[in-house]
Amino acid sequence: MEFSFLNELPKIVWMLIGIVAFLGVIGLLLVVIDVPRTRRDRWQAFLFLAPALILLVGGLVYPALRTTYLSFHDRSGDEFVGLANYLWMFQRPEILLVLRNTLLWVLFAPVLSTAIGLVYAVLVDRSRFEPVAKSLVFMPMAISFVGASIIWRFVFAYRPADQEQYGLFNQIVVWFGGEPRLWLLEQPLNTFLLIMVLIWVQAGFAMVVLSAAIKAIPAEINEAARIDGAGPIQLFWRITLPSVWPTVLVVLITITVQTLKVFDIVRTMTGGNYGTSVIANEMYSQAFSQGQIGQGSALAVFLFVLVVPLVVLQIRRTRKARELS
Amino acid sequence: MTSTPTVVPDPGLVDARRPGPAARVRRRLSGTAASLAALVIAVLWTLPTAGLFISSFRPADQIRTTGWWTFFASPEVTLDNYRDVLFGTASDGRLATHFVNSFVITLPATVFVLGVAALAAYALAWIDFRGRDWLFLGIFALQIVPLQMSLVPLLRFFSQGVSVGGLQVLPAWELSGAMAFTNVWVAHTIFGLPLGVFLLHNFISQLPRTLFEAARVDGAGHGRIFVRIVLPLIAPALVSLGIFQFLWVWNDLLVALIFTGGDTATAPLTVRLAELAGTRGEAWHRLTAGAFVSMIVPLAVFFLLQRYFVRGLLAGSVKG
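As they're listed, the protein sequences go chains A and B. Be aware that the first sequence starts at 49, since it is given in the numbering used here, and climbs by one per residue. Be aware that the second sequence starts at 26, since it is given in the numbering used here, and climbs by one per residue.
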């Protein structure tokens, strides 16, 4: 069957119907809101909030409670099994490996992305090429994790030693007299290679946010320090870093939350095989590939428990950073 | 957070006050080292993408046998990879179909979030009712919940409906054909809402109070005020949030994987590409071109609307 645009038409029509219907409902809602002459604020507020509340309660609050409930039940969801799913998580060696991998991700990805982003922001700050230089590093932010993973799989592509390499990484290894290898199969190195992909994506985010913070440092402070004879290195440690420190923490926590939930990179790079799985990937495999609803739910709840303190910290930090700026 | 560029001091002026040529040499050296370090990072961040991009235009047999860096020695350009991966047989990917799917998923999911979030944000900012602050805090707190927490029950809701004690309260959504996209729209809208309400609330609550008082005195109701006054004023915030949601939905893999049920008819580009990478990991002529097909729209949005994108980023971090 050839590709033909006619086959695609029903989807586009349905999309337009969906959008028009949505706008129609909203429009009707707004008309209804203004109809009653009494105009009770409470009633109007309810109508404004109704769509969001229905979606959030039905799609997030109730499901989250339900997932917590399921995490204490067996795969069918009927039989109460107590903490069995959680004990399973901390006893099975393959799941312990998943937890260890997640720990490695959290230890390396946020710190390195933030550090690289900060250093780069400082280096290109006020240079002639600043806009272009920033775009180059920021660009991976726009690319999907799937796209980024394909880019990096190509870098690590492998050919046997007697053939010409087309993966850049193995070619460099060969140029330096080494043997080409299947890098993504080498444990535990492969986990670090996957972490690198996330760093590659997130450094741009860190760079943009920190660059804005650097530009907010009053010019007089920098100038005064320079007149006092501070070199660029001193300037960085004594002035720049302390000034942007609150923002650094916000960026670190934001990337940590992202890192905990990383799924796409693992899925596309290795499919979670060769000892590279992480919590979010394992949750998907358990709940959706293997039908282990209870165990998958327990992993989701564990992820939630890990994220909560970070977000609480994040809110405090953001508030502090706002007050300072 | 302000990002207005501060005044750059004239380097000549500062230098004139600095004594000793040694210090100047040292500064120039460290300047060179700094430029070099920046260059290394920039190259590391660009080269992998450039390699894939160049490869996507090379003939398939060359991609299979030589590295993309040999392209400059014997440049040979073809669009065959793109033609195959877009319009070829189903096993080649036929990404044109999935390109349409990505659009059909992303546009409504973006419009829905903007509309629902703007309504909620207005009420939370400008209508007085009891428990308002608690409600706002509650919605804000929902940003914490990883979407993994709701996947299983939400999927069950779409496939089996709601039943209380054996009594079917809501039927299953047995949507077929093009209508099956509705599940993904609703799922993405739900996951985008907490951040959306938060961002728009920040913006709407900063509008001047006098604006609303004047309109109320003139007899306008909340609905009218929302359409006539609030919506035009928050257009920049809507654009920022819209870009975020658009990129997020377009680039998402997990939600699409689950709520399109792995069905090729509704799968977006990301799902199909991940599939191709899994089953045909060495078919690089398809993967290189396919990856760029999936990137072209986000990159265009990114480069054309970078200003709004950065503004949104600085206003409220990233969702997930």
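Everything labelled a hint here was simulated from the structure, so no lab data went into it. For every residue, glycine included, the Cβ atom is placed at its ideal position computed from N, Cα and C. Hints may be right or wrong, so weigh each one.
If you want the ones that stay clear, here's a sample from chain A, every Cβ over 12 Å from chain B, calculated [claimed, not checked]:
1. ILE60
2. GLY66
3. TYR110
4. PRO236
5. PHE311
Computed from the model, here is a short list of chain A residues facing chain B with C-beta under 10 Å [unchecked claim]:
6. PHE51
7. LEU118
8. LEU184
9. ARG201
10. LEU237
11. LEU241
12. LEU354
Covered stretches of chain B (in silico footprint by chain A; criterion: 3 or more residues with CB under 8 Å from a CB of chain A, positions within the stretch not fixed) [claimed, not checked]:
13. 99–108
14. 231–244
15. 261–272
Do the hints match the structure? See the list:
1. ILE60: 7 Å, violated
2. GLY66: 5 Å, violated
3. TYR110: 7 Å, violated
4. PRO236: Since the minimum Cβ distance to chain B is about 21 Å, PRO236 (chain A) lies beyond 12 Å and the statement holds.
5. PHE311: 5 Å, violated
6. PHE51: 5 Å, holds
7. LEU118: 7 Å, holds
8. LEU184: 5 Å, holds
9. ARG201: Since the shortest Cβ distance to chain B is 7 Å, the answer is holds.
10. LEU237: Given a least distance of 18 Å, the restraint on LEU237 (chain A) is violated.
11. LEU241: 12 Å, violated
12. LEU354: 9 Å, holds
13. 99–108: violated (count 0)
14. 231–244: Check failed, 0 qualifying residues.
15. 261–272: It is violated: at least three residues are needed, and the region 261–272 of chain B offers just 1 whose Cβ sits closer than 8 Å to chain A.
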